[in-house]
Structure formats: C-alpha cells, structure tokens
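We have chain U; now place chain D onto it with these hints.
Residue numbers (our numbering), protein chains in the order written: chain U, 1 to 353; chain D, 1001 to 1378.
Bear in mind the hints are in silico, worked out from the structure with no lab data behind them.
A few of these clues could be false.
[Stated by the list, open to error] Just so you have them, the derived chain U footprint on chain D, three or more residues with Cβ under 8 angstroms:
1. 1001 to 1015
2. 1160 to 1167
3. 1229 to 1241
[To be verified] These stretches of chain U come out as covered by chain D in the derived footprint (C-beta under 8 angstroms, 3 or more residues):
4. 237 to 245
5. 273 to 283
Idealized CB from N, CA, C, for every residue including glycine.
Here is how the chains run, residue by residue.
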Amino acid sequence: MDARARISALLEGARRVADATHLLGQRLRSQLLLSTGLSAQGIEAALQRCLEINPTDAEIAALLRNAASAPRAHVLLSANAFTAAHRAIAIALASSAHVFVRPSRREPHFARLLAEAAPNLFAVVDELKPEVGDTLWAYGSDVTMAELQASTVSGVNLKCHGDGFGVVVVDQVEMENVPPQAWASFAHGVTFDATLFEGRGCLGPRLVLVRGDEAFGRRVQAELLSGFSELERQIPRGLLALEEQAEITWYRECTRSVGDWRETSGGAVTLVSNLLEPVPPPGRVLQVCLVPSVDQALAQLQPLLTCIAHLAHSESAQSLEGAALRARHCRVGEMQRPPFDGPVDLRPVGVTR
Amino acid sequence: VSVVTWSDALHLQVQQFAVAAVEGSFSAAEQGDRFNDLALRIAQFQAQHCAALNRLFDAHGAAFDAIDELPALPADALRLVRVACHSPDLDRTVFRTSGTTQRHTGLHALRTLETYRTLSTLLGRKALLGGRSRATVVALLPSPERIPHSSLAAMCGFFMEAFDARTLPGDEGDVPVAMCPSRWLVREGKPDVSGLKLAVQVAHERAEPALILATSASLQLLLDEAQTIPLPTGSVVMQTGGSKGRGRQIDPERLTRDAAKAFQIDESQIICEYGMTELCSQMYEGNRWCAAASRGVYFAPPWLQVTAVDAISLRPVQPGEVGLARFVDLANVDSALVILTQDLIRQEGEGFRLLGRQPSSPLRGCSLLVEERGNRGA
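Same shape as in the complex, but just chain D:
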C-alpha cells in the first residue's frame, strides 16, 4: 500500500469518526475503543513512513499496543527535523511556528487540509456557534497573503467559508470568501476598526450573529482604538493566544471583561481557544458543548486526548496534579500523532486548566536558541 493510499484511508476514517462522535453515534465505551484503535493504526503508519518518528519509536521500543505507551514527540522537535510521512513534493501546506528567524521556526507539513478543515469546523460550529448554521465571520488578523504559513489563519478561513460563505460590501464576487480583504481586519499591524464596524453592520442587517476571530494581542489593540461596537444577539468573540512574554503583557481576565463591555455582550460570549501549529485539533474554553464548563477550563473534542504527564518520567500524573500537556491528536495523520508540549495543565473534571509553561534552563531561552511555543505563526 502506498503512503498516499494508506494516508487517505486514515484521513477518511478520522473524519468519519469525528462526524459520528459529534452526532453522538457512539456510546462512551465504543468511542474510546474506536479512538484507541484508530490512534494505534495511525501510529503504525507514522512509524513506517516518518523517519524521525521511526527513530523515536525505535529508541523507546514502541509496541503499538496501547496509546499511553506511545512515545510523544516534543513540540520542539519540529524545529529540528521534518516530521512528515510524505515527501516534501507532496506538501499541500507547511505551517510554521513563530520564531525570530527561519532557523528557529518549526514546520508542520500537511499533505491534505481536508481533515484539518473538517474537524476544525465541526468543533468550531459546536463551540462557537452553538450549532447555528450561519454567522458573519471576520478575523482580527492580517490577510493570509501576509501570513501564508499560519495555521490559525487557515482555520479562520475555514470558518469564513463554512459559516458565512457570502460576500461583504466591497468584495469582488469571483474572489473566494476566505481571501476577501474585507474579512481580515489587521492592516500594517493595526486593527481596521471601520472594516469591523461595517461587518458588524452587515450582521445586524442579516439578523444573525457575528463571529469575530482574534488573537489576544489584536483584540487588545482593537480595544485601545475603538469605543463601543455593539454586536448582534448571539455573537461570539473567539480569542486565542497569550502575549507569551513578547511586548506588552495582557491580563486575560481584564481583556475578556473589557471586550465584553466594548462589544456589549456577556463575558460567556468571549470564548478562548487553545491551539498550536503542531496540532490540527483545537480546544475551547467554557464552550457550549459542555454545559458544566467553567472559565479557564478547556475541553478537547472526541478526536483529541489530552493527558497531564510528569515532566521527568513522562507518565500520567495523579488526578489534580500539574503536568505537561501530552496530546494524542487523530487529526495529525501525516505528522506526529502524539505531541508533548511544555504547557503545564491540571485535569479538572472533563477538561483541563492551563497553568503556564514549564520553567526551563537559561540556555533554552537565550538569543541563539530562541524558544517560543508555536503560536501558529500569527
């Protein structure tokens, strides 16, 4: 079986699993079994076709009989080596983590965007739109031409196409929705306040919610410039990414409070997203899918397993203890199924709370070895 045929089959199975899980087609036990089975098959595929993972699995003597035993690839490894099952000529897209130079940039190469598109919109519709079919979608981000390797921009484009798919005033009819300048409202580093007001006005006229996709930094810049922009009923602001020690520090609670006030919406309508270039799946805070959600607690979708592991033994920590976030992401078919990050988390009920970053030795933070978490290139 060729790598493409095998990969295509796995992508299809992951998409089918995700759709069925969102539709509630599985019992909890059945969902768990199917997840495990699919994860182990993806791991075997990756061990066979990805040289970097083959080395990692070999070093651990991986047996592929339990997902907890699969070795996790540290997120930093994507800065050191290509982690992909296919050859570079088959790359559909290469997402890049942020870094001050090319040398420090991590790469996540995808052969197809379909699983990323399908799964992110499935989850986004649930978490951000509460199952509604339509919203007027804009992003407080530079246009994709400016950030072509941003996985966040790609996801925002998926949302524009899936949840909106109509033109805004001034758009040219033959330009794909996700490429229209009216959707991308950061220009030369500044938020386009008038563009945002225009999009919000369209949402009011359509009598539908607005969905504003923003990074914490761009949202803060907008709040610095704009006074009040009342959003239609049911609107949502998706906020992602912290300031990560660069430039201005942002207090997330204050940002949420100020944004809710500026947009005249409830704070529960400011929904934080947690994602990274290294993963094709996302997590949302306090989303509507999980009624018991509380602020600061993130939930993973059925196709993503998140475990807190001990930073030294890499074994799962006891419930309630803090550990590094270890992800098993079925959407990462062609790269690394199991990713280890230095984000500290604590399980809380069905979800987990983000608690910052594992402290590292000085040399990891120095100028030669710029160490930044992949912030999805935005």
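Okay, chain U solo, but in the shape it has when bound:
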C-alpha cells in the first residue's frame, strides 16, 4: 500500500468514527464523554467541524509532498484536542508504512477506535521505541517536549509540537464599515473557535488583539460575551479539571488589578490596555488587548503563535501576512479547521537527537 492509499484508508476509518450512526462512532462518543469532560454537543461540534474527513486532492498532495520518508514513524499524542490524532497519524502514514502510535493516557479512545476503524494501518502501543533513522512526531506541552528531547536516543528524527495558541486581530476602522450583522458573525466565529475543546487545543484563540480605542475594545468585549452566551445554549460547557478551574480563578484575580474582567454563564472576556501576561487559561476565556501595534504584538507572541484569525478579505489580514509567516491565517470561526496539508503548527519543529 503506498502513502496515498494509506491516507485514503485512514480517511475511510475517520469517516466511520465520525458517523454517529456507526457502532464505532457511538462507542467513541460515549467514551469521549468520560475522557474529555466535553459536553455531548461539544464532542459533536469537534467531530463535525474539526475532524477532516473530506480533504481536497490538493491538500492530500501537499500532505504527501511535505512528508519526508522514514523507515518507521512514531507518534506521541496529546489529550488536548482529541481529533488532532487523526492528522498526526496521517502525517506519520505519509512518511512511513510502519507507524506506531502512543495515545495520551487521559484520552486514549479516539486513536484506539481509529485503529479499529482502519485495521492494520498503524499500531497503538503503550511505549514508543524509536530507533536510529526513525521519525518521532510528538505533541504536547513544552515541558513534555523538553523531557522527550533529553530522553530520545541519538539519531532519531524528532519533530516536536509544543505549547501554542491562536489570536484574533480586529480593527476599529474596518469594523466601522461592516454591516451590523457582521458583528454577530464575528463574535460567533471567535467564541466558537474558543469553545471547541473548551479552549484546550493549540489553535484556539486566547487573545483578541484590538487596533482601536477603549470604547471599541469595550464593544468587542461586550460582543464576545454575548457570543459566549449565545453559544452556550448550543454547546453547553463541559467539565473542567480542578486545576483548570484554579487557573481561571488565578487569572481572573490577576487581571482584576489591571483590567476589566467580565463573565457570563457562557464564558469570560477580560479587557486590558496592552498585551498582558499571562495569557488566559483554557475554559472559554478570552483576553481583549488594546495594542498600540498589532505587528509588534504578533512579533512578541510569535514563539507561541499557531494561528491568526481575522475578518475575511480585510486589509489588516493582508498586511499581516508577512508579520508571522510561521502561523496559519484564517477567518474567524475557522481556526480549528486548517487545511489537511500537514501539521497544523507551522513553527519550526525539527530536532535530530
């Protein structure tokens, strides 16, 4: 089976697990309820909007073109965005016929059921044992990546994808010229991106960079709060871990001394007068930052920047293309669904041990 056939077989399997009427799809949904804490609607939204099961031929061609051949490929998965396993495995299959996958201990079900849905395509293992010349694709926190770099045997081609997040850019002048319904569309798109996976993934937005005055920033904050409230009715909040809840409390109290924290049952949005650290934690929390220079802010964030979202066809979008070449650009509402053409994360990843 060549690489293209392997990708096709994987896509077939992914279609089965995405299908709510298929036995595997039903098993997956019930297991994810326990492992991810997401609401049933949150799981469904992720499966329908983030799991790429119908990529274009051009995307598959790009995926294959970008994959360097390896005798064996290994994949270490993260738990944050369960659908990300699909792309991670596809990238490995594009480079090798011998793929070994170690799922996250917190969320092992998606990869296991995908293996059932696409039998004999890759092996799910408890421990990865890469050898000299193999490629190891690893996804997780920077801390995990650092540990992995220290422990991986010399000669393994290690591809590390660590911490990251997306940002949204919004410009006062442009928003003054859009029709009123565009505000609702903007707010829905941003909050939808922030709601998927409860904001745990590396693509979802944490910051909204505002080019404009304080009154405009307050409008953005209010619209996003409204967006969270609306969305909560469609996609109820999932369960957050105690550590995640504690992070939100800590972040809230930090920002209360420097900005304006507002929350609804659907989420929270804080307004601050500049780029502020720390960035918001997961759990439907956004930070609206009034920045003097969007380009400077993006440059400052670049080490962690995976995705920049903006209004379609906006001038700011075009001017930003050169500002952060190693981040994906998209419209709001599309941040969690980049083209199926390779890793979602365009930042440098290669490390050979």
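Chain D alone, transformed into the frame defined by chain U:
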C-alpha cells in the same frame, strides 16, 4: 491627610504593634483585635491610594469590615502592574522578583525600609538568635552591589547591622557594616570558603555564635567545596529558598543533614526561612520562639496571618486540608496587604507545612511567560 502622612502613621502603628506583640504585651484576644483593626485601616489606605488595588477591591465590592473578606492580590500581579500607594519618585527601594528577563520581573516598591528592618530584625533575633543580642553575621550571597534589588540581601544587611555591627578583619572602618565585602561570601558564583573560615574564627575569638545566612543553592555549593568548618556553640545557619526547578535539584533534608555535619552543629541549628519579595514579613521553620515546632512546619509572626484557601473559591479550607497560601502582612503598608500565592500549604497546629506549588497549565510555564515565584532576587 497626605499619602505620606497617612502611610507614616500606619508604619508607626505596625512597628508599635510588632514590638508590643513580641514583648507579650497583649492577650491573645487583644492581639487579634488589634491585628484586625490595623489590617482594615491599611486596606482602606491602600484602596484609596493604589490604583491596582482600588480596581481589585472595586471588582470584589470590598466592604472593609472583615479581613477574611478582603480580596487578595495574586503575587503574579506584581509583574503586571505597579502596586504601590505612593508615586515612583518616592520609592526608597524597589525589590525585584527573579525572572529571566526584565519583562518577567515583579516589582515591590517601598517608600521606607524602616518597617521591613524593624520587623525582620525583631523576628530574626527571636527565631535565629533565640533572643541573644550578638552574633558574628555573614551571608553566603553576592554583595548588595551585585544584587541591589534583592529583598533577601536587604534583610541580611539588617541582620548584620542589628546583630553584629562590628568590623571584621580587613574591613575599612568608614564603610557601613552591611556593605563590607567581608560579609558577603559569594564571589563570581562561588562561595568564599576562606572568607567564611575567617569570619568563623572571629566568632570563636569573640566567644559568640556565628549566624550564617544562606540560600539552599549557595549552601550546597559551599558543601561541595568545603570540608568541615566547626562553628561556635549556639551558632545558627539560616537557609532559605529551594532550587525551584532551576539547575541542580537539592534534597532539603539531605542538605540540612550535610550542613549540620560540616558545621558540627545540631540539625536543629539549621533553620529554614520562608519569605518572598512580595512580602516584607518572613516565616521560620521550627524556630525557638515556638517550642512545639517540628521540622518542615513554619510559623508566622504576630503581624502576619497565613491562611490556606481553596484555589477555586478562595475561601479558607477545612483544617488539615491543602490550600493556597494567603497572607495578610501588616508590614506591606505601602503595597498590598493581602497577597495570594501559588504555594500550597496545610495548617499544622499553630503553623503550616509547605507542600510545593499549585500545578499550572503549560502556557504559564512556557518561555514567553516565564513563571517563577519571586525568590527575592538572590
């Protein structure tokens, strides 16, 4: 009333309260009432004169009628915003928390050092010297010129002036004691073993204890280099700060054991101190002030209240449960009276045990957002 006049009055009241409390002038109930009264007055002062705290108190609708209800400022906030009741031109000193870059450094601006000096020496004399008046004091730290924004170095200097105040061989007579190079025994990152031996010899000749002030890291470096340096009877080693995940990890129990052996003193004479840049008050482990103290349990002085609070609700946890350390520090007159940290503690009797740090999400520990507890810049 001007901010300076109001602040001066509060500083004086805090110092008077601390002296009286150490002298045992209050009944327990009276001490508690006075603490509460003073804390609420400081909180009102801070709400009026510190913009950051004003925002925080407003957000919580603080009523200033109970200290448990006062909102606590997270320690990280000192990295985000100036937290001071006075304008920068009135800064006497600005202490900085550690961080890999200026951008990640937290600032604690003080208009006066007198309350920090008075309270830290009051407690240090009790906890480290057991009430003795004199000791030969040296610090295993770089000189204050090298770390001018370290609150720990400032405190060590206070101890040198208050507990020693004499020259060591080689000191120039017109240089203040706390500025003499003979007192600061880390040079270019290495402990000055011969300087330490000389100071210890002076203590022997004076027939008085030596007080060695050290960080865990500097003490470990000293133990790596030195063999045995017997200290005079009654000497104490004050050890502060962990390795905090940077560089070499240090086992605190082993360090205590090895240090006691190297200095030929009892392990009870190695006394751990717990402090941070964000606070002007300190806590000591197993100190002589509290006879019932056990190893690993820290005690707060009468002017500092420590409470374990739930990391989500920020309400006090049940006795015996683990929570975040919330401090009400009367010595923080001009900054934030109530500080919340991510240090995990459990109340044990009159004291509390330190249990590490609250786990945080990956992004808080990443390179852009370097998150380190203020280790007092040392």
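Taking the hints in turn, this is what the structure says about them:
1. As drawn, the segment 1001 to 1015 of chain D meets chain U at 0 residues by the rule of a beta-carbon pair under 8 angstroms; below three, the given contact is violated.
2. Taking a C-beta to C-beta cut-off of 8 angstroms, the segment 1160 to 1167 of chain D contributes 0 residues in contact with chain U, too few for the three needed, and the coverage statement is violated.
3. With 0 residues carrying a beta carbon less than 8 angstroms from a beta carbon of chain U, the segment 1229 to 1241 of chain D misses the three-residue requirement, and the given coverage is violated.
4. Residues of the segment 237 to 245 of chain U lying with their CB closer than 8 angstroms to a CB of chain D number 4, which satisfies the three-residue condition for coverage.
5. Chain D is given as covering the segment 273 to 283 of chain U, and this holds because 6 residues of the stretch bring a CB closer than 8 angstroms to a CB of that chain, at least three being needed.
Hint violations for this structure: numbers 1, 2, 3, all remaining hints satisfied.
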